[in-house]
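4 protein chains.
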Amino acid sequence: MKLLFLGDVVGKSGRDAVAERLPGIIATYGFDFVVINGENASHGRGLTESHFKGLRDAGADIVTLGDHAFDQREALSYIERENTLLRPINFAPGAPGRGAMMVEGRNGHRVLVVNAIGRVFMQPMDDPFRAVEAALAAAPLGEVVDAVIVDFHTEATSEIQGMGFFLDGKATLVVGTHTHIPTSDHRILRGGTALMADAGMCGDFDSIIGVDAEEPLNRFLTGIPNGRFTPAEGEATLCGVAVETDPRTGLAKKVLPVRIGGTLAQALPDF
Amino acid sequence: MKLLFLGDVVGKSGRDAVAERLPGIIATYGFDFVVINGENASHGRGLTESHFKGLRDAGADIVTLGDHAFDQREALSYIERENTLLRPINFAPGAPGRGAMMVEGRNGHRVLVVNAIGRVFMQPMDDPFRAVEAALAAAPLGEVVDAVIVDFHTEATSEIQGMGFFLDGKATLVVGTHTHIPTSDHRILRGGTALMADAGMCGDFDSIIGVDAEEPLNRFLTGIPNGRFTPAEGEATLCGVAVETDPRTGLAKKVLPVRIGGTLAQALPDF
Amino acid sequence: MKLLFLGDVVGKSGRDAVAERLPGIIATYGFDFVVINGENASHGRGLTESHFKGLRDAGADIVTLGDHAFDQREALSYIERENTLLRPINFAPGAPGRGAMMVEGRNGHRVLVVNAIGRVFMQPMDDPFRAVEAALAAAPLGEVVDAVIVDFHTEATSEIQGMGFFLDGKATLVVGTHTHIPTSDHRILRGGTALMADAGMCGDFDSIIGVDAEEPLNRFLTGIPNGRFTPAEGEATLCGVAVETDPRTGLAKKVLPVRIGGTLAQALPDF
Amino acid sequence: MKLLFLGDVVGKSGRDAVAERLPGIIATYGFDFVVINGENASHGRGLTESHFKGLRDAGADIVTLGDHAFDQREALSYIERENTLLRPINFAPGAPGRGAMMVEGRNGHRVLVVNAIGRVFMQPMDDPFRAVEAALAAAPLGEVVDAVIVDFHTEATSEIQGMGFFLDGKATLVVGTHTHIPTSDHRILRGGTALMADAGMCGDFDSIIGVDAEEPLNRFLTGIPNGRFTPAEGEATLCGVAVETDPRTGLAKKVLPVRIGGTLAQALPDF
Ligand SMILES: [Fe+2]
Ligand SMILES: [Fe+2]
Ligand SMILES: [Fe+2]
Ligand SMILES: [Fe+2]
Ligand SMILES: [Fe+2]
Ligand SMILES: [Fe+2]
Ligand SMILES: [Fe+2]
Ligand SMILES: [Fe+2]
Chain A
255 MKLLFLGDVV GKSGRDAVAE RLPGIIATYG FDFVVINGEN ASHGRGLTES
305 HFKGLRDAGA DIVTLGDHAF DQREALSYIE RENTLLRPIN FAPGAPGRGA
355 MMVEGRNGHR VLVVNAIGRV FMQPMDDPFR AVEAALAAAP LGEVVDAVIV
405 DFHTEATSEI QGMGFFLDGK ATLVVGTHTH IPTSDHRILR GGTALMADAG
455 MCGDFDSIIG VDAEEPLNRF LTGIPNGRFT PAEGEATLCG VAVETDPRTG
505 LAKKVLPVRI GGTLAQALPD F
Chain B
255 MKLLFLGDVV GKSGRDAVAE RLPGIIATYG FDFVVINGEN ASHGRGLTES
305 HFKGLRDAGA DIVTLGDHAF DQREALSYIE RENTLLRPIN FAPGAPGRGA
355 MMVEGRNGHR VLVVNAIGRV FMQPMDDPFR AVEAALAAAP LGEVVDAVIV
405 DFHTEATSEI QGMGFFLDGK ATLVVGTHTH IPTSDHRILR GGTALMADAG
455 MCGDFDSIIG VDAEEPLNRF LTGIPNGRFT PAEGEATLCG VAVETDPRTG
505 LAKKVLPVRI GGTLAQALPD F
Chain C
255 MKLLFLGDVV GKSGRDAVAE RLPGIIATYG FDFVVINGEN ASHGRGLTES
305 HFKGLRDAGA DIVTLGDHAF DQREALSYIE RENTLLRPIN FAPGAPGRGA
355 MMVEGRNGHR VLVVNAIGRV FMQPMDDPFR AVEAALAAAP LGEVVDAVIV
405 DFHTEATSEI QGMGFFLDGK ATLVVGTHTH IPTSDHRILR GGTALMADAG
455 MCGDFDSIIG VDAEEPLNRF LTGIPNGRFT PAEGEATLCG VAVETDPRTG
505 LAKKVLPVRI GGTLAQALPD F
Chain D
255 MKLLFLGDVV GKSGRDAVAE RLPGIIATYG FDFVVINGEN ASHGRGLTES
305 HFKGLRDAGA DIVTLGDHAF DQREALSYIE RENTLLRPIN FAPGAPGRGA
355 MMVEGRNGHR VLVVNAIGRV FMQPMDDPFR AVEAALAAAP LGEVVDAVIV
405 DFHTEATSEI QGMGFFLDGK ATLVVGTHTH IPTSDHRILR GGTALMADAG
455 MCGDFDSIIG VDAEEPLNRF LTGIPNGRFT PAEGEATLCG VAVETDPRTG
505 LAKKVLPVRI GGTLAQALPD F
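Residue numbers (the numbering used here), protein chains in the order written: chain A, 255 to 525; chain B, 255 to 525; chain C, 255 to 525; chain D, 255 to 525.
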């Protein structure tokens with residue numbers, strides 16, 4: 255089974271790149287299941303229903319979110335109707351939507367996807383480790399599901415790595431999102447779980463984390479806001495990670511970075 | 255001119271890998287100048303004089319530091335005697351040592367190296383942007399020096415990227431350290447400056463940021479310390495970035511990631 | 255019923271003041287129940303068994319803790335044997351000890367005491383609001399217990415005030431600890447709950463939060479540690495808050511600050 | 255000489271209380287100089303020119319600001335024209351306005367007022383300690399000026415106390431603002447400087463830090479915004495501190511808390 259995970263889609267640049275390239279990528283490499291983090295797809299802040307549908311139409315089986323989950327307030331309601339959209343599982347009880355789902359991919363595989371959010375250098379949240387553990391216990395890899403993908407939306411490299419070791423042997427892929435910069439530490443841990451600290455964004459890298467550089471730079475230099483953050487509009491690099499599973503166990507057999515288009519060095523998921 | 259920068263050396267594993275491999279790497283690829291961040295070389299915390307000398311003997315022209323600069327208290331004194339060891343330039347006035355130096359490489363090139371530290375998700379410090387700007391103004395690239403290397407020790411990807419855009423056209427390389435995870439966003443900005451959000455560590459990646467995984471994972475799960483952090487002792491991956499300069503301008507002509515040894519996917523600086 | 259709450263006891267200075275003055279204070283004002291936060295009683299960091307016993311012997315019915323709960327590692331074990339020592343209720347499941355207890359005071363009143371810890375500007379923890387709510391629901395004020403005292407160990411004034419409004423009408427007293435500075439916002443909310451943002455410490459105020467001023471000031475000025483934090487040893491001010499309850503409801507009828515001894519302006523609990 | 259300092263004015267409730275009561279307070283107690291922190295006077299966020307004038311007309315000789323200084327963007331321009339409005343002195347160079355001023359009070363006394371902002375649990379800023387030290391060195395107490403008032407806008411009690419000890423003997427009053435809760439640690443340090451960790455706000459205390467409790471409480475409980483923060487509109491308590499100086503030295507002879515009106519226990523500056 256071949257899995258593709260793409261990191262935070264940022265603005266129109268990111269959405270366009272997903273729409274234009276993803277169908278071809280899925281066809282070319284034969285991906286069985288695709289997850290995309292969409293927390294910044296709508297003007298850099300949240301995800302409208304129409305942009306969510308765009309990601310779905312392009313090929314996402316599941317869309318995940320993060321700290322910006324409900325920046326577009328309509329997400330508070332339409333997330334309740336959608337069974338392919340996740341928000342972090344460790345939001346407070348009563349938050350709209352769900353944080354984990356088992357779905358069937360295009361080729362009949364059952365995949366459990368979990369979205370969680372970190373707490374180091376981030377807002378107070380419930381414990382992500384216990385929340386993810388419970389979700390995985392409910393649908394064990396190799397027994398109930400054919401693959402488990404965990405999107406852990408984190409700032410600190412220690413926290414995403416902690417989750418990787420914590421889930422080693424129980425998940426197919428543990429991948430970080432949120433920093434918007436792809437890392438090159440993709441590897442398979444001793445227990446068979448693929449780990450990558452950050453998938454990177456799907457956005458224009460001629461920017462500061464997807465945002466036109468001028469205003470963030472102004473704030474670093476002066477401390478005084480002088481306008482809004484607006485997503486950069488150059489060509490996006492689609493950033494993410496591809497995993498091939500061992501069909502016997504559902505664990506990772508191969509993990510490869512993906513960087514397609516835009517200004518970053520390209521990496522093709524050629525397996 | 256060919257430059258090599260290696261990220262945070264962590265513990266014995268990192269030191270050993272530098273000592274064993276760096277001389278051969280320099281010879282093989284013909285590096286003219288080498289900078290190594292050594293802030294975690296001594297048991298993960300700081301840099302003793304003897305470990306500093308080890309990094310120098312292996313081929314470092316300049317060693318840089320970070321938030322752990324003075325964890326080994328002897329560094330407060332020996333740094334005053336050394337003219338190839340830097341601590342962040344935006345430490346408070348009066349801090350021992352210096353944050354920028356112009357030195358001559360093995361082939362007669364003059365290189366300005368600046369070490370600075372970020373403030374987002376980190377401790378209060380003086381403004382790194384103004385401090386680095388002043389250091390670069392004192393020895394302009396292409397006029398006084400043949401290359402400018404800035405090690406910006408940062409947690410937040412936005413802050414390192416901000417420095418990259420801020421210095422674009424004035425530095426050869428702006429590279430982040432501190433997160434211990436190599437990024438794959440290495441690129442040359444419009445003005446000719448090579449940027450990479452984090453060089454990654456020189457340490458054992460079968461770990462949480464270089465530390466044996468057990469205790470950090472215990473703390474994530476329980477919140478209660480149950481021992482010290484000890485550097486992992488498996489084979490290190492040397493992580494960093496290589497830059498080839500345009501001899502006319504001192505700007506970057508080529509930038510490539512470096513990952514040698516250990517458990518990460520290998521990347522050779524083959525230019 | 256008359257309740258006395260004393261804030262964080264810091265070091266020998268704080269312990270001595272409690273031992274010398276508390277018995278007389280209890281006798282003079284006729285307190286029925288006394289709670290003391292002891293998280294800094296042992297050298298500023300945690301609480302040894304012998305120092306815990308000292309606070310008990312001086313008159314504390316319950317001793318509470320905070321972020322320093324287990325700095326003295328023996329507390330990890332003796333807390334399991336003690337039924338009058340609390341650590342924050344929202345520590346991760348499995349933490350030694352308990353976070354809430356119903357005990358009988360010297361005059362037969364039943365009192366529920368809850369210790370919780372905040373998350374704003376502090377470490378990641380479980381949700382304190384839900385945890386405290388559950389503890390109070392198990393022993394409702396005016397039905398099962400005659401008084402409810404909540405020690406919410408917090409940095410941010412917004413968070414302690416949030417807890418006050420959250421519990422208004424359900425607790426007798428919601429009082430903050432941790433900042434070591436007494437506040438003068440003691441008041442009774444509309445629903446009958448007494449609120450005070452911080453009880454202040456029992457320690458020597460010729461100090462920076464109870465610590466001899468030299469080293470903290472050095473760190474503010476230089477950023478470089480030059481020694482340990484040691485508790486100041488001048489005469490302590492006992493800081494806290496006194497509440498008189500309405501015997502019908504268990505809610506607060508009167509709330510008064512307490513500051514006795516040392517260098518602060520004195521405030522006697524004269525009701 | 256008698257000085258009055260009032261903490262953060264919050265919204266209409268705070269502005270009205272200042273306008274109605276301050277003239278009478280000044281007359282009754284014979285204050286020679288009045289400083290008010292106005293950073294939240296306009297809808298809780300910043301200070302419009304017209305609200306600034308209102309504070310001035312009510313009797314403020316100097317108005318200070320904080321992290322909300324420029325939330326009302328017109329302050330970026332009118333602050334340049336005003337010689338009685340201060341923003342924190344340790345904002346980045348080039349920020350509009352000034353951080354320190356020597357002015358003459360109604361009775362001919364010269365007073366130096368300095369506004370600074372802390373860095374612990376706050377945004378990155380220049381070093382407040384060096385900035386304040388330089389301002390005080392330029393107009394020494396007892397030589398050039400008759401009183402020195404420092405408004406240090408801080409979150410952490412350790413940082414405001416650090417400033418107090420740092421300036422002991424060089425300032426008449428070092429007072430914290432920003433937490434919106436008055437403290438009762440007012441005292442005169444060994445060197446003659448009056449210190450109080452936080453002046454408290456001029457606002458309605460039936461609130462969470464001046465804000466109507468509903469929305470902040472909603473965010474603590476759910477983590478999901480459900481509306482804006484709006485200042486509470488009940489009767490304000492004017493909170494602050496009064497100091498009587500020793501005319502020979504300009505140091506503090508007496509320091510007393512001030513709490514007038516609203517729901518807090520009253521404290522009159524009766525000297
Ligand atoms: Fe994002
Ligand atoms: Fe995010
Ligand atoms: Fe570091
Ligand atoms: Fe490091
Ligand atoms: Fe504490
Ligand atoms: Fe404490
Ligand atoms: Fe304020
Ligand atoms: Fe403020």
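If you are wondering where the hints come from, they were derived from the structure by calculation, not from laboratory data. Worth double-checking, as some hints may not be accurate.
Claimed, not checked - Straight-line distance between alpha carbons at most 25 Å, and here's what the computed SDA-like set of lysine to any residue pairs gives:
no.: 1; chain 1: C; residue 1: Lys266; chain 2: C; residue 2: Thr338
no.: 2; chain 1: C; residue 1: Lys266; chain 2: D; residue 2: Lys508
no.: 3; chain 1: A; residue 1: Lys508; chain 2: B; residue 2: Asp460
no.: 4; chain 1: C; residue 1: Lys508; chain 2: D; residue 2: Asp460
no.: 5; chain 1: C; residue 1: Lys508; chain 2: D; residue 2: Ile442
no.: 6; chain 1: C; residue 1: Lys266; chain 2: D; residue 2: Arg441
no.: 7; chain 1: C; residue 1: Lys507; chain 2: C; residue 2: Gly362
no.: 8; chain 1: D; residue 1: Lys507; chain 2: C; residue 2: Asp460
no.: 9; chain 1: D; residue 1: Lys508; chain 2: C; residue 2: Gly362
no.: 10; chain 1: A; residue 1: Lys507; chain 2: B; residue 2: Asp381
no.: 11; chain 1: C; residue 1: Lys507; chain 2: D; residue 2: Ile442
no.: 12; chain 1: C; residue 1: Lys508; chain 2: D; residue 2: Leu510
no.: 13; chain 1: A; residue 1: Lys508; chain 2: B; residue 2: Met255
no.: 14; chain 1: A; residue 1: Lys266; chain 2: A; residue 2: Leu471
no.: 15; chain 1: D; residue 1: Lys507; chain 2: C; residue 2: Lys266
no.: 16; chain 1: C; residue 1: Lys507; chain 2: D; residue 2: Asp460
What the hints assert, rightly or not - The following label-pair restraints were derived from C-beta to C-beta distances:
no.: 17; chain 1: C; residue 1: Gln520; chain 2: A; residue 2: Pro347; range: 43 to 49 Å
no.: 18; chain 1: D; residue 1: Glu358; chain 2: B; residue 2: Arg384; range: 31 to 37 Å
no.: 19; chain 1: D; residue 1: Gly423; chain 2: C; residue 2: Thr282; range: 37 to 43 Å
no.: 20; chain 1: B; residue 1: Thr484; chain 2: D; residue 2: Gly423; range: 43 to 49 Å
no.: 21; chain 1: B; residue 1: Ser331; chain 2: A; residue 2: Glu468; range: 42 to 48 Å
no.: 22; chain 1: D; residue 1: Lys307; chain 2: A; residue 2: Ser331; range: 42 to 48 Å
no.: 23; chain 1: D; residue 1: Leu330; chain 2: A; residue 2: Val357; range: 18 to 24 Å
What the hints assert, rightly or not - Covered by chain D, per the in silico footprint, the following chain A stretches (three or more residues, Cβ under 8 Å):
no.: 24; region: 289-301
no.: 25; region: 368-376
If you're wondering where the values come from, they're calculated on a predicted model, not measured in any experiment. We treat Cβ as the ideally placed atom computed from N, Cα and C, and that holds for glycine.
Hint check:
no. : hint                            : verdict
1   : C:Lys266 x C:Thr338             : holds, 21 Å
2   : C:Lys266 x D:Lys508             : violated, 30 Å
3   : A:Lys508 x B:Asp460             : holds, 17 Å
4   : C:Lys508 x D:Asp460             : holds, 17 Å
5   : C:Lys508 x D:Ile442             : violated, 30 Å
6   : C:Lys266 x D:Arg441             : holds, 22 Å
7   : C:Lys507 x C:Gly362             : holds, 20 Å
8   : D:Lys507 x C:Asp460             : holds, 18 Å
9   : D:Lys508 x C:Gly362             : violated, 45 Å
10  : A:Lys507 x B:Asp381             : violated, 46 Å
11  : C:Lys507 x D:Ile442             : violated, 34 Å
12  : C:Lys508 x D:Leu510             : holds, 23 Å
13  : A:Lys508 x B:Met255             : violated, 37 Å
14  : A:Lys266 x A:Leu471             : holds, 21 Å
15  : D:Lys507 x C:Lys266             : violated, 31 Å
16  : C:Lys507 x D:Asp460             : holds, 18 Å
17  : C:Gln520 x A:Pro347: 43 to 49 Å : holds, 46 Å
18  : D:Glu358 x B:Arg384: 31 to 37 Å : holds, 35 Å
19  : D:Gly423 x C:Thr282: 37 to 43 Å : holds, 38 Å
20  : B:Thr484 x D:Gly423: 43 to 49 Å : holds, 47 Å
21  : B:Ser331 x A:Glu468: 42 to 48 Å : holds, 44 Å
22  : D:Lys307 x A:Ser331: 42 to 48 Å : holds, 45 Å
23  : D:Leu330 x A:Val357: 18 to 24 Å : violated, 51 Å
24  : 289-301                         : violated (count 0)
25  : 368-376                         : violated (count 0)
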